[in-house]
Amino acid sequence: MSETATLKVGDAAPDFELPASPMGDPGPFKLSDHRGSTVVINFVPAAFSPVCSNQLPIIEEQLGSLEGAVTVAIATDNTWTLAAWAQQTGVSYPVLSDFNPIGATAEAYGVLLPGMNMANRVVVVVDGDGNVAHIETAPAVVELPDYGPVLACVAGGAGDAALAVVGDRWSVFGRGQRLAVR
5 MSETATLKVG DAAPDFELPA SPMGDPGPFK LSDHRGSTVV INFVPAAFSP
55 VCSNQLPIIE EQLGSLEGAV TVAIATDNTW TLAAWAQQTG VSYPVLSDFN
105 PIGATAEAYG VLLPGMNMAN RVVVVVDGDG NVAHIETAPA VVELPDYGPV
155 LACVAGGAGD AALAVVGDRW SVFGRGQRLA VR
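Residue numbers for the sequence shown follow our numbering, beginning at 5 and rising by one.
Possibly wrong hints are sitting among the right ones.
[Unchecked claim] In silico lysine to aspartate or glutamate, EDC-like type, Cα no more than 16 Å apart, as pairs: (1) K34 / D19; (2) K12 / E140; (3) K12 / D131.
[Claimed, not checked] Have a look at the derived ranges for each label pair, beta carbon to beta carbon: (4) D133 / E7: 16 to 24 Å; (5) S36 / V146: 30 to 38 Å; (6) A88 / D133: 33 to 41 Å; (7) G152 / R39: 22 to 30 Å; (8) E7 / S96: 28 to 36 Å; (9) G31 / A108: 14 to 22 Å; (10) V13 / A88: 30 to 38 Å; (11) A9 / N104: 16 to 24 Å; (12) K12 / G152: 14 to 22 Å.
Think of the hints as simulated: they come from the structure by calculation, not from any bench.
Even for Gly, the Cβ is constructed at its ideal location relative to N, Cα and C.
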């Protein structure tokens, strides 16, 4: 899906400033401070839920190594809950709290689940100009989104990257790189 209830590819991404989980005291994260970089925003429904707890390490493995991309996760839990969750899952990227007012950023992005005060499982890629470059919505809130198209977008589009499934993980190969199959 290339749109949410309020956004579509090509729209200006709503700016936000959210507190990061207090581990290491990274301070607040403001989207507009990252102009010039690709930002991958992972909206997740709830800290410590089974699917979300599996998703955070997958994000770390796949998106953390892409040069020039900034990766964050956003949940509507408070910062202390998110700090404990980030520590448990071992992630190094910011896990942001959309807690006060609850779900305001998720609502601005059109991903707040009606009547639930939690975000749908959606990945939004914001380009260096601050525009929405890609939106990937999970088929159901209890399923992971397809990171293949997200990785292709971050790597520069289908012409610049190839994707391969290695085990149960996606891997990106840039132009000129070879995948050795044994």
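The hints, checked one at a time:
{"no.": "1", "hint": "K34 / D19", "result": "holds, 7 Å"}
{"no.": "2", "hint": "K12 / E140", "result": "holds, 11 Å"}
{"no.": "3", "hint": "K12 / D131", "result": "holds, 13 Å"}
{"no.": "4", "hint": "D133 / E7: 16 to 24 Å", "result": "holds, 19 Å"}
{"no.": "5", "hint": "S36 / V146: 30 to 38 Å", "result": "holds, 33 Å"}
{"no.": "6", "hint": "A88 / D133: 33 to 41 Å", "result": "holds, 36 Å"}
{"no.": "7", "hint": "G152 / R39: 22 to 30 Å", "result": "holds, 27 Å"}
{"no.": "8", "hint": "E7 / S96: 28 to 36 Å", "result": "holds, 31 Å"}
{"no.": "9", "hint": "G31 / A108: 14 to 22 Å", "result": "holds, 19 Å"}
{"no.": "10", "hint": "V13 / A88: 30 to 38 Å", "result": "holds, 35 Å"}
{"no.": "11", "hint": "A9 / N104: 16 to 24 Å", "result": "holds, 22 Å"}
{"no.": "12", "hint": "K12 / G152: 14 to 22 Å", "result": "holds, 20 Å"}
Hint compliance for this structure: no hint is broken.
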